[in-house]
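A.B. asks: Residue-level listing of the chains:
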Amino acid sequence: MKRSDFPMLGYGVGLRRQHYNHVLEARPKVDWFEVVSENFMVEGGRALEVLEGVRANYPIVMHGVSMSIGSTDPLNRDYLRQLRELARRFEPAWISDHLCWTGVGGRNLHDLLPLPYTEEAIGHVVARIGEVQDTLERPILIENVSSYMAFGDSTMTEWEFISTIANEADCGILLDINNIFVSAFNHRFDANDYVDAVPPERVVQYHLAGHSDHGTYLLDTHDHPVRDEVWALYERAARRFGAVSAIVEWDDNIPEFAELADTANRARDIFNEYSTGTTARPALPADHRS
Amino acid sequence: MSTQLEQLQGLLYRLITAVSGVAQGLAAERDLGATGLDALVLGDDRLSAEARVDIYANMYFYRILDALKEDFPATLAVLGADDFHNLVTGYLLEYPPTQPSISECGRHLADYLQRHPMRERAPFIADLAQLERASAEVFQGPDAAPLDPDALRSIAPADWPALKFKLNPSAQMLALDWQVSELLRAIEEHREWKPAEQGAVKVLVWRNNARVFYRDLEKVELDALEAISRGTTFSEICDLVAADASIEDPIATMNQMLARWLSDRLLTSVSSPC
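As you go down the protein sequences, you meet chains A and B in turn. In our numbering, each residue's number is its place in the first sequence (first place is 1) plus 8. In our numbering, each residue's number is its place in the second sequence (first place is 1) plus 49.
Watch out, some of these pointers could steer you wrong.
Stated by the list, open to error - Okay, the calculated bits of chain B under chain A, using three or more residues with CB under 8 Å as the criterion: (1) 119-125; (2) 138-151; (3) 166-174; (4) 188-196; (5) 199-205.
These are calculated hints, taken from the structure and not from any lab test. Bear in mind that the values here come from a model prediction, so they are computed numbers and not experimental data. All residues carry an ideal CB built from backbone N, CA and C; glycine is no exception.
Build out the structure end to end from the sequences listed, making use of the hints.
C.D. replies: Following this line, the structure appears as structure tokens:
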């Protein structure tokens, strides 16, 4: 697969419950919405009504949090079947989830835990992505997660890990720019190296979000505006990858919809500046790793 | 034979969910070896390996605590934040999440409360949690088109006795030992609330459009709705109502109930004998 297999959706917003009525009634000017798949994997009711209404007016993408592609548990077939049914009904432009594990032993931690960057993990994840793509009858995107721990067994960098998996599994990458920044701080690597190494043809989507600073570590809380350093990293990505669909995520302390739309528009403006080559911006400051 | 990845994930799961924290969880890991966690998880001068796992342990607990607070606001209001926190600590040990959706985490909270010492202070708390959980389930229960009153009016009188109604599949009837409906309503409306009175009650929980409603059922309506659920014909339901000695005018009562069920969108279809 390559990026041109997917539509360029433009600049959108992660759909959250607080904005359901506004989106349905005011039909705000954003290009597209990303929805959390699990929020709509229900039998009926308000959520599915809302999604019908949103889908009638916007392209959508389904973004999951519980596929647990890196878990050593068997893939959850019921989950995948439900996901496939939801996709058949709402026809998302694509489906994504995280390069992580969310539970083991039949238990779910409801968190996105990192994998060791090893050949064993690559083989494990690549095989499972293949099964998922066969079940969903489409290529998926995998997202880099924010992480707070790294493993002694790792034999490569995170960007080598995700790039190898995407290439071998023939899937796309959802590049979360904020997650790169958060993990770069937490593990003391250069975020620029990450952006510079990911294969451009695999990058189908960006996430932009805010995080919180806990002094000794950054936490991916999605409760703040996108920080300037993350915008700088996005600019670098925009220059390297060209036109890539992007969305803004906000999950706590959620502001009025207009602020989200403004953030999406800022992402658009930055890309437009670089696509015309009219503006020179400074590179990410050298001391961003603290 | 388990792989390295499997062993690592199993260890991290145990540490993250250890009830007294990662440090105590580590103490229980006798097979971890001399280098312990530090050989597996990289620490540095900012954060030790244990502190890094602890970040995940905190996120695990507080993410689920926040989800349960959102799904059980009345249970939270009655118990208070500290006791609710302690409740969830014990609950997650007995009922660790197993489902992909975090909204399923509260599925067993009412069952857990039935056996919990907090019932001594608030004996109605399990029933209150059960009603809150049912409301959440009804909210996202299966869709079904409501029965059109005009379609009902067009049915020939001779066909009415054999008619069979169907209840909305998302509706639930709860058998509770405490009268918690008023308590829940008071908390939802931010009014002063009083502890629920003891007394067996059946509560109907249903969805009308996107809103969830609940009300205690009188015996005659309960009997009628249960009869509908069993696939009983309209004439048999009328017989049930007529046999209730407390009902002065069975026909008027039946009409009132039918009108209310239609208005509440509680009925979804009707089948005639042919």
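A.B. asks: State for each hint whether it applies.
C.D. replies: Verification of the hints:
1. With 0 residues having a beta carbon nearer than 8 Å to a beta carbon of chain A, the region 119-125 of chain B misses the requirement of three or more and the stated coverage is violated.
2. For the region 138-151 of chain B, the proposed coverage by chain A is satisfied: 7 residues have a C-beta within less than 8 Å of a C-beta in that chain, meeting the threshold of three.
3. Counting residues of the region 166-174 of chain B whose CB lies closer than 8 Å to any CB of chain A gives 0, so the stated coverage by that chain is violated, three being the minimum.
4. With 6 residues having a beta carbon nearer than 8 Å to a beta carbon of chain A, the region 188-196 of chain B meets the requirement of three or more and the stated coverage holds.
5. With a threshold of 8 Å between beta carbons, the proposed coverage of the region 199-205 of chain B by chain A is violated, since 0 of its residues qualify and at least three are required.
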